[in-house]
Amino acid sequence: MSRRVSRRTIGDHVQGYAFLAPTVLVVGLFTFAAIFFAVFMSFHKINLFKLEMTFVGFDNFTKMLSLEKTRVAFLNTIRFAAVVAPAQTALALVIAAALNSRIRARTAFRVVFFLPTLTSSAALTMIFMFLFSIPGPFNQILTGLGVIPEAVNWTNEIRFALKVIMAMNIWSTAPFFMTLYLAALQDVPISLYEAAAVDGASGIKQFFHVTVPHMRPITAFVFVTSIIGTLQMFDQAYIMSNGSGGPSNATLTMALLIYQDAFGMQNAMGRASALALILAAVIFTFSMLANRLNKNEKPYG
Amino acid sequence: MKRKARSRTLMYVILVIYALVTLYPFLWTLSASFKNYAEITGGGFGLIPKAPTLANYIELFLVDLLFPRWVMNSFFIATIGTVINVVLNSMAGYSLARVTFRGRDAIFYALLAAMTIPGQVLLIPNYMLIHRLGLLDSYGSILLPGAVNISYIFFMRQYFMNFSKDVEEAASIDGLSRYGTFFRISIPLAKPAIATQATFVFLSFWNEFTRPMLYLKREILFTLPLGIQRSQSKYAGITQWNEVLTASIVSIIPILLIYIVLNRYFMQGVRMEGEK
Amino acid sequence: MKKFLLLALSLMLLLGTVAGCGQAAATPAVSSEASVSAKASEEATPEATPEATPEATPEAAPSLEGKTISVGRWGGNDAETASFAKMLAGFTAKTGIKVEEKVYTDYNVQLQADMVSGSAPDVFYVDAYMAKFYINQGLIAELDPAVIENDKFYKPLSNAFMLDGKVYAASKDFSTLALYYNRKWVKDGEVPTTLEDLLNGDYLTNLKKTLPAGVASMTYNIDLARNLDMMQTGGLDIIKDGKFSNLSQAGTVENLKPLVDAALAKKIVTPADLGQGWNGDAFGNEKTAIMMEGNWVLGHLKTNFPNVDFGVVEVPTYKGQKHTMVFTVGYALNVKAKESAAGVAFIQYATGSEGMTTWCSGAGVLPSRMDVAAAMKVAEDVKLAPHVAGAEYATPWQKGETLDIVNREFGNYFASVVKGETSLEEGMKKADEAANASIE
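Protein chains in written order, with our numbering: chain V, 1 to 301; chain W, 302 to 577; chain Z, 578 to 1017.
These aren't lab readings, by the way, just hints derived from the structure by calculation.
A few of these clues could be false.
[As the list claims (entries may be wrong)] No farther apart than 16 Å at their CA atoms in a straight line, the calculated lysine to aspartate or glutamate pairs in the EDC-like style are these:
1) V/Lys50 <-> Z/Glu978
2) Z/Lys913 <-> Z/Glu719
3) W/Lys466 <-> V/Asp187
4) Z/Lys785 <-> Z/Asp683
5) Z/Lys1006 <-> V/Asp187
No experiment lies behind these values; they were computed from the predicted model shown.
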């Protein structure tokens, strides 16, 4: 590879490093230094208040892996990601494609669809609590249609609590991805659609034969981002359950479990770090797998 | 032809339903900002306030002396942060997509790995670092760690990988240096992606909660989300919803304007080639 | 693949050295701080005490003038912010000590971060709930009971900040629970005076028949903080061996039965069942006729629901005993305070009669000192009186060093119990198991 060192490749190297230097510096300092610290903590029983630590080897890892709570949190998290990530990605792509076609009031639709991304999480949570509360519209519609016999307190029910958070997450994050798709769609040559239309392909066919293949790199990005975001889901579970992960662990996610261990009276930063590293390994694996689903692409693209 | 018309109608129906689902909560919040507390929490889902009042806006802008200051603070941080991010993220993304050099893949994977760590365990180490750098209670504590954003580096990378090399090669034949090519050719061509990135980076600075929450403790330095959080009392989680919802409407407006302005660039490609 | 691994490894090492620099600088500092802090926590007690003795009281030491201390607190509503500022002004005028305010938004996380990096304020708020934990972590300096006039405080409030006979903080105000009823539907003196009659008799069922559709007779909370007094009736303790969760002991389960039975019979509902955020909103919006709430709800009702006509009485007795919960927050001195003497002076002023009167009358909270309470005549206010009375016999919301965890798991499983998805015994057993697995 480096046998023929031309001026071109030297120039490439200089440019590559120069353009990446600020990033490497910032990420190195604020993420990698912190990660190294977390790795260090994960092998210790650590009391940050007293700054006492004892080396415990893999004890934190084995302890966390043996806890029933970890199992529950892991399953909840995987279930959450398995539903939300594909749903978000698909919804975002479909809506973006629809918005990119020649429809009336396109700009108005774009602005409206973008709104959930702007609404603050406090307002959002309250609105959702309202929508899904006993006297809320969701219950009114369902009981009115006879789907359910009696109003249900959705956010407080073991069976439904996590699903409400799923709905909320899809609803609030899909517009973000939709906007990314919209930007990317501007680069698909119109001639491709025109050619497909001349060949008699319907809108749906055009979508599958032109849009989807062209959006592959962006889909890879969106899907990986979505997987990372959903596997790290914290805020909404925290707000909805008041930090407990209840009812009966129904909304306990890995990130919430890490938070519970790290702060307050639990004071088990070592265990929290161990669990965080386990979660990071899981996320990394899934991200790589998701990336590889793009057969046309190299693993990193 | 008939089938086509029917599928178009179906598409409109879906879009309109989806629009209602997104619009309703926003309109509800907007109307709540003109309601008093009792009406907001009374369980009314109506969008027309029964007794419209400007009291919430008056409270925020005229009575609460710190609120306008928080708006200014957020605006300041978000603007500076966005400029820095757009430059650095685009450079990094370009480098990962278009430049061939040793260690590129490794850097890419390292950045990906950096995204996988749950933030909860990084809080304390980062706090110690910020303290040691003397940045507590200063905006450097937000701008420096936020100077780049890996998500948008990857986004720019995907974008640069996607567009054709021909133009750039032509430019280099025309004698433009590689840096000239990047700033004069590649960046202008990436306008839709940059506009998207700028909007979202601005948005994420504007709504950023964790860093200001950790590092800022002087009320005069607070950002908008932190200020909104402050007005909640400790016990029983009493939230003054009329003020919180009004504040969130105030915080949405600047972003909405930016989105509408930049939306022009998102659509640029289509405007030039497609429509008419 | 091999090439990639090599690259990845070299990069990690490169980053490692970058990070290592940061850490090399950080690590020794941490360990030296560790030894210092270890010493500090041993020495702090004897050191802090002489400084805080009456001979060295701030008034007698004019040298404190011109010093600046930092005070950490969490934000409150406008009235609280204003009266805090007023109290600070009074303090500075009197002592010449300036105060720099630090406002916390996520207290547990921020204080922990501050403590670890040594940037914590000189004086800070401590919730009684977290007090014993912080004391045992060696974060809080001992105070001289004579300086803060510890015996002038209501007993449950001073006890909340004491450990092994030593005083660690001074309570700044308090809240107790009382029973609120809407006069539109409930006459004065009509509510049963025992919990047994209220929850298990026919009162609530009969009341329900007189109420408009959609209005509940009574709301309740599933939090441990609201039910601890009832659960511990008969001298029980939900904590065993100093730290383990003991929610499933026969007595506790038996004590909770009346509440669970009433909940299962739908005589009482949670605010969430009514689509309301908390009792105060459910009551203010007239969705419930009766609730048990803390006195913080008084200001809320006055501001946001001025038209609701209501009465307040003490919490009905249980098994023949008066009971309620009390919540309090105190001012504590940082063990590593840069300005200990000035910090003590601040605590002394803020929890002395002058500072406490300024704070409590402005913020609408109850004074923790009996002398201030008498001077402010809070007991003459019919709506405050039941809350003030509770201060004498209330159970503090505090329980050793693991309450946080026990509380979390109680909330986690009790939610299923009151819905009938799990039996009370089973739910409490699960909560114990989960909590104790975390406590180890």
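Taking the hints in turn, this is what the structure says about them:
Between V/Lys50 and Z/Glu978 the alpha-carbon distance is near 15 Å, which keeps this suggested pair within the 16 Å criterion. Pair hint Z/Lys913 plus Z/Glu719 holds up; C-alpha atoms about 12 Å apart against a cutoff of 16 Å. Note on W/Lys466 and V/Asp187: the hinted pairing holds, with a Cα-Cα distance of about 14 Å set against a maximum of 16 Å. Among the hinted pairs, Z/Lys785 with Z/Asp683 is inconsistent with the structure: their alpha-carbon atoms are about 40 Å apart, more than 16 Å.
Restraint check: the Cα-Cα separation between Z/Lys1006 and V/Asp187 comes to about 60 Å, which exceeds 16 Å; the hinted pair is violated.
The structure shown violates the earlier hints numbered 4, 5.
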